[in-house]
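Peer 1: Top to bottom, those sequences are chains V, Y, G, W and A. Count the first sequence with this note's numbering and you get residues 1 to 104, in order. Count the second sequence with this note's numbering and you get residues 1 to 505, in order. Count the third sequence with this note's numbering and you get residues 1 to 502, in order. Count the fourth sequence with this note's numbering and you get residues 1 to 619, in order. Count the fifth sequence with this note's numbering and you get residues 1 to 173, in order.
Careful, some of the hints might be misleading.
The following label-pair restraints were derived from C-beta to C-beta distances [what the hints assert, rightly or not]:
| id | chain 1 | residue 1 | chain 2 | residue 2 | range |
| --- | --- | --- | --- | --- | --- |
| 1 | G | Leu-21 | W | Leu-549 | 54 to 64 Å |
| 2 | Y | Thr-370 | G | Phe-22 | 48 to 58 Å |
| 3 | A | Lys-94 | V | Met-57 | 49 to 59 Å |
| 4 | A | Phe-98 | Y | Asn-498 | 29 to 39 Å |
| 5 | W | Ile-558 | Y | Phe-462 | 48 to 58 Å |
| 6 | W | Gly-189 | G | Glu-202 | 25 to 35 Å |
| 7 | Y | Ala-206 | A | Tyr-113 | 46 to 56 Å |
| 8 | A | Asn-26 | Y | Met-34 | 47 to 57 Å |
| 9 | G | Gly-56 | W | Ile-558 | 48 to 58 Å |
| 10 | Y | Asn-498 | G | Ser-218 | 30 to 40 Å |
By construction, these hints were calculated from the structure, which means they are not laboratory data. For each residue, glycine too, the CB sits at the ideal point set by N, CA and C.
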Amino acid sequence: MSSVPLSAYLALGLILFCIGLYGALTKRNIIIVLISIELMLNAANINLVAFSKFGVMPSITGQIFALFVMAVAAAEVAVGVAILIALYRNRNTVNIDEVNTLKH
Amino acid sequence: MDLETLLSFKWSIMTPEFIILGVITLLSLLDLFMAKSVNRKLLGWLGLAGILGALISLLSLMGNGPETILYDTFRLDSFAIAFKLLLLIGAALVFLIAISYEPKEGLNEYRGEFYYLFLAALLGAMMMSSSGDLITLFIGLELLSISSYILAGIRKKHSGSNESAMKYVVNGGISTSITIFGMSYVYGLTGTTNLLDMARHVITLADSQHIYLLGLAFFMIFVGLSFKVATAPFHMWAPDVYQGAPTPVTAFLSVVSKTAGFILIVRILMVIFYNIPTEGLGSMPLLIKVQDYIAFLAAATMIIGNVVALRQKNIKRLFAYSSIAQAGYLLVVVASMSAFLFDTLWFYLGAYLFMNLGAFAIIQLITQKTGSEDIAEFAGLYRKAPILAIAMAVFILSLAGIPGTAGFIGKLNIFMGALVVEPAHYVLVSIMIATTVVSYFYYFGVMVQMFFRPAANDEVKFKLPAGLGVVIGVCVFATILFGVAPNIALDFLQGNFNQFSDFFQ
Amino acid sequence: MNFAYLSILVFSPLLGIIALLFVPKAKESVIKTVGFLATLPALVLSLMAYFQYRSGSSLERLDEMVNWIQFGNPNRLGELFSIKYELGVDGFSLIMLVLTAILSTLAAIASMYIKKEWKGYFMLFLLLEVGMLGVFAAENLILFFIFFEITLIPTFFLIGKWGYFEKEKAAFSFLIYNGLGSAVLLIVIMVLFARTGTSNIEALTSILAADSSSLVLSEGGKMGLLIAMLIAFGVKLPIFPLHSWMVRVHVQASPSVVMLHAGILLKIGAYGIIRFGMGIFPEQFQDLAVLIAVLGVVNLLYGAFLALVQTDFKMVLAYSSISHMGIVLIGLGALNEAGIQGAIFQVVSHGLIAALLFFLVGVFYERLQTSNIPNLGGLAKGMPITAGFLLAGAMASLGMPGMSGFVSEFMAFLGLFREMPVLAAVGALGIILTAVYLLRAVLGITYGKAHREFAGITDLRKAEWVPALVLLGIIVLIGVYPSVLTEPLTSTLETIMLGIGG
Amino acid sequence: MENAWIIPLFPLLSFLFLIFFGKRLKEASAYIGILLSLASFVYSLLVLFERFTSPTHKAESVWLTIGDVQLTAGFEVNQLNALMLVIVSLVSFLVHTYSKGYMHGDERFHVYYAYLGLFTFAMLGLVLSPNLLQTYIFWELVGLGSFLLIGFYFYKEEAKKAAKKAFIMTRIGDVGLLIGMILLFWQVGSFEYDEIFAAVEAGAVSSTMITLTAILIFIGAVGKSGQFPLHTWLPDAMEGPTPVSALIHAATMVAAGVYLVASLFPLFTASETALMTVAIIGAFTAIFAASIGLVQKDIKRVLAYSTVSQLGYMMLALGSAGYVAGVFHLMTHAFFKALLFLAAGSVIHAVHTQDIEKMGGLWKKLRVTGPLFLIGTLAISGVPLFSGFFSKDEILIAAWAHGNTVLFWLAVIAAFFTAFYMFRLFFMVFSGESRSDMKHVKESPSVMTVPMMVLAILAVVAGYVNTPWFGTFLGDWLTEGNPALGHGHIEGPSWIMIVATVVSLLGIFLAWLIYSKRSLSRDWLGASTLYTILYNKYYIDELYELTVLKVTKGLSLILRFIETFIVEGIVKGVSGAVSGLGHLGSRFQSGQIQRYGAVAFVGLAILIVVFAVTGGYLK
Amino acid sequence: MTLSGEFFAFISLALVAVVGGVLLLNLTKVVHMVLALVFTFVSIAGIFILLSAEFLAAVQILIYSGAITIIMLFGIMLTRHDDTKEPKTGLLRKLLLFLGILGFAFAFYIGIYNLDFGEVSTTLHENNTEQIGIALYSKYIIPFELTSVLLLAALVGAIVLSKNDQEKEAKKE
């Protein structure tokens, strides 16, 4: 049957998750941060879909779950960008480090 | 599935959700079609009526056994009812605060949205409390989160509000990713998203690798969700977001959203992870094994929340840290995993709801009046408005856990739960108590301002809006009532929810 | 005596609070009268209970019990994990109730020196009285704790708002120390409650007494709880080195508040140690007896030495309180009848004496605006009666026979000399030092050359006579006829001794 | 006799009445005081006469219950008590009377009488006490009375200091008494004298314990009776009104120490060490105080040191097993010393100074006081036929008989000193030139002189109740039925009496040579170091100042240091640490979004790694 | 693991995805980063196809490569997109973060490197879309409907927040 084992997919998911995470936590541009978060969600999707095929009880559920995650991700991005735009209007910056007036 | 099957389900158990959904629709349509000149506060009262309607319908649903629709994607067990009760009461009070919210630059244009986004968030929270399916829970969580992101940023001309929303959305996104990543493993190792099926599956688990992965998944889910309840290590966003967000939103985040987070944590933890054996059938559950980690996080949360609060000058920030600390106390409940877990959690969340919302109502009143969020604005409150000052004192005393208030009974519950188990969590309890004493410093700091310090200007007269008046009144009453006669609540719990025995059915 | 006698007694000051709600803020004399009157029901009721007890009626008839809080499922757990509203008294607590009621009434009179916001003051004052009365009437640890904490908040405000220059600091100091103390106490109580499912003192005593095989609590656990309890009450008492808050409070709070604070609140610590520490953990207490006695001696001498170099009379009294509380510990450490009885006597006696002395401080502070010894002197010239009372108070405090201080001191030492003669001998030094510092201070104030004109300064006013005379009267009464205390205490002591096995 | 307990109540009544209502009575207060003390005296006298015929009476009732132990209070009338009752009430009555004249015009007249009442009450109570505890109680109360009266002139700094000193010094002794008494209690199980004696006799108490408790109790006596080294308060106590000095610091209270030792005599005799201690301290104090008395210039101080010295005599007597001698001297001393003080008071009343250097030639002006003073002086000097002669002689014999040769000679020297300084005093005050500034010297009113006369008579005749010539009536009576107290009369070599007479006459002669006839230079000692040392009372006060006081003060300061820097320091440290932690935490909250996420993730990673490593899943 | 077409497909898709991710981290221009990520998203779609999730693959391309990327680009254009400077992040934080990620990845890796539940033949690839549709509209109707509320909320929110109403206010003044 399949020549690519489950673990390979999971490893890919893990790697992408880590990349996304690193990006989300180090990148300065808020847009990139948001995109990185999307990448993390996508990595989770890979897991879900992979489990859907190779899991304990293969079923369509995993794919459905992934679908919902995508919908959520889309909504989140939309809101994120909208907030960014509102912020940009007031602050004129997209640099995440400059968004630090609330502190201590 | 045809329509007939669809209609054969007992949709009536979803009445509260439908009511909220209906009101959301109604409000959005009304907002769209109503003339600009019409005061949108009307919508607020409408929304409040919706919440109260949902509350009534929820109460009427009480006392039945667990009912489920569509393979547990909706599930109404006593746990759900009990906690939804809190969510609805909290939301109703928040709504009252929101109706009286008058920020400087005006909110009139978005007031309609403001209200129904609250309702959307509430709907998400309600779904989080009454579903037995991971997907539904996740969607509920996201509905709550995304609505909250928008709410936090709804004062879009206010740079603090923007920043707060930005911080919220970025950190929320990360937390979502972490949670979903953990969930994907849980799904993968059980092959289902139905919590009870998962429980049935994992209970026979013997492969240590699977258990290990589930352990990792546990941590991811737990840390991801700790964002929602603002506990360590995912607590740092809270002060900034609370400070920047509009006060009603802060109140909402600190009470309703937090409650929902705990509901979700408890449900996932208790159903899935409590049933995972560590070494084959019948051995110690995984949850017990990681108990110490939770306890550690609880301790860290309490310490951070209470200690950093000492330095705060901004009242909203102060309450943010205070609510971190309170979340730490609640985490102690989770960490102790006693037989009293549900009762304790429910009672404390209830008490917390009243005392914190009451406090926020007063905070909103004062910050709005003076235009500053500095604690010093509370100076001389006793002179200017003695009743307000005494009400605030009641809330603060309750938060500090002084007898005679609901907060004390709640803490008593927590201590008992933590000590009644074997081995007892002496260290955790000690830390909790020690940090409580630390909290006296800042809580009583506010008291000192209100009662001891002279007011900067005695001119300011407080006009108490009806909404806030009701909130404060209800909260003072409830805080004292449940402090003096807690059995009203506890008997209610015992009498109507049958020890949450249907939780695992 | 019948239904809810104790409840009415304990909560009667609430009536005053309610009445005060309807009195306009500015009506000073009305407020003061109402505040004073509100302390009377408790006084009358407690005295009635005392005399009825003396005339042979049993105290058990006063017991009250109502279900209050039930944790968990009552069907499954039954009586376990239920907290009842249980009030009841034995001889010891009855005495403390009477003491509280008396001192509250007198302190209400002494509150005439309050200069501002009388309404708030008296409301808090009465709330404090409720807490204090409740502490002594509670038959149940959790209820005890609740009342214990209720005393905390009004005291915080009373110190912080109506005190002297550094009042806020003192209030915070008070709050944090006592907060910590009560936190530790809460742990102890909750551990006991969680382990045994009950917080009733008697039930706990019998459960732990029957627990010889350490099923409920390990030996170490019991010891730990006792030590924690000692720390908790040690803050209140205060035991060296947990005392610094108390000095501040004594100096900064207004005299009427200090009367209650020194008179009653500190005594809660001793009451707790005797009632709970000794009552619930008698065996462990025996192991700690030496430590307690040593602490007692340390307290006694430490307080005395420090009192010796203070220039503020209030500081002298504050350290003298520390020193005198050492005698309580000495008596407890002796762990025999004489010692324990001495300790209880000292609790009552010091309550009265401290109240008297602080009241007098209030009297002359009100007139002279200072309590600094070098600034005073020759008070006997201008205010001979005040000076006389002051001297009498000092005599009582330093253990002059014929006054209550002697009886308690004597019994405490009598007890300790039996068990640890050498330690007791060291402690006896404290008796000398007490005389030294008290005379130094009191004579410094009353005797010697007057540093000021006393023209226009009146001696004791009529209303001021009452507290001074009543307190001194009781002090002398106990000193001359100690049976007023010993007889009610007999059964309490027997119970304690039974637990200790002596 | 069954109602002997009423005796102390009269003065108590006087005290209570005067303290509450005295203000209105003003000087009429005196009548109340005098009347009530007279009542006491009369009653005491009745009791004494009754005691001659009937046995010891004792009545008690429970005072304090401690578990199974019941402490009692009551009264006992035995020989010693009865005798003391009379002495005390008599002197008290006389002083009450005398004071009416002496204190005339004082604005706190009634307070004075109230205090006198309080003191008399306490003293009579002390005398009647049947047990140690009660003794202790009244022991303290007499101290209180003494304290109040010494400090009567409270506005004088010296009076304040003296009062304080008196209280504290005696308290030091009292603590010894307290300890001794409590230790004894736990040995015997009772405070009752008879039970203690019974236990001691039965050997129920170990001998070390007897010695220890006896010495501790003796410390109490040392404090009260102004024995070395706790004597320094007594001379200072002369700051009080002079009648008070007569009553308290000569006749009664200071004798209480002697009385205490006498009461507990069987205990002391059970321990040779204890007896020896008493004797040595007594003898040493006798000569030590006498030597100081040689050079003092204050009339009352001279008398005070003489009191100390005489008390030493009494102690020596008791320490030499001379129970009768001690008590006998106590009695005679009470009379002649009270007389001397009252006479001195009369002098002071007349000349308004206490400095004997400023006096002189008063013999002619004070025609009553002078002779009375002389009688007293003769009595104290041990001139034959006066009371002092017999009692002192008794003491010397007791010392000799007991084998304390060294102490005996010390006592003899002290007797010489006594005679010398007393006559020095007499001559300086009464003989020689009258000073120019003493024109308006007037004899005291009869209310003052009559009491002195009574005392003078007693000072002469009191000795005859116990003489080797006319029978030892007193001794026989005192020791009757109580062999533990020793014999009523100790036989001694007759040369002792001669020696005593010779030394006292020698002393008088020397004093006459120097101070009256002035054939020897007055300044024979004036500039010498010895004089300075003596004048400064061997620098004992300074020594105490340097040692005890400094050490105490130093300890206090050290503890204050600990208080501020360690006790408070730790608290500050902890609160500082918490606050610092808060500061750190709040700084860490930098506002940077990603830091928050990073913290969360790193936290997660740590949890996971720890879980992986410790979970036991890695194979 | 046999060398098959599927294997090669996986390897190449995975490589593209990872490279895309790494480029995201290392490129300097924002637009480039977004484009790099498009590659990743597309290859993930490919992975989905390998996993018999054709419908998801299509959705992936539509949503991620299409919608989300476009939104991002809009976002970039609406804001200041020439901002390329990357101020130095705290090295310590990067290091800590890196260590954290390393530990995290390692912990997971040892859990999954040989995870295998055994092959069960699935019918996922047959009528994939229909299966999804049926499940979505029957079993998962509640979350599905809830998602619609979620999207509505996001829509409203996005409009409210990004609507530019400054001119209007300017007019008022």
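Peer 1: Now look at each hint and say whether the structure bears it out.
Peer 2: Hints and how they fare:
| no. | hint | result |
| --- | --- | --- |
| 1 | G/Leu-21 / W/Leu-549: 54 to 64 Å | holds (57 Å) |
| 2 | Y/Thr-370 / G/Phe-22: 48 to 58 Å | violated (31 Å) |
| 3 | A/Lys-94 / V/Met-57: 49 to 59 Å | violated (41 Å) |
| 4 | A/Phe-98 / Y/Asn-498: 29 to 39 Å | violated (51 Å) |
| 5 | W/Ile-558 / Y/Phe-462: 48 to 58 Å | holds (56 Å) |
| 6 | W/Gly-189 / G/Glu-202: 25 to 35 Å | holds (34 Å) |
| 7 | Y/Ala-206 / A/Tyr-113: 46 to 56 Å | violated (20 Å) |
| 8 | A/Asn-26 / Y/Met-34: 47 to 57 Å | holds (52 Å) |
| 9 | G/Gly-56 / W/Ile-558: 48 to 58 Å | holds (54 Å) |
| 10 | Y/Asn-498 / G/Ser-218: 30 to 40 Å | holds (36 Å) |
Hint violations for this structure: numbers 2, 3, 4, 7, all remaining hints satisfied.
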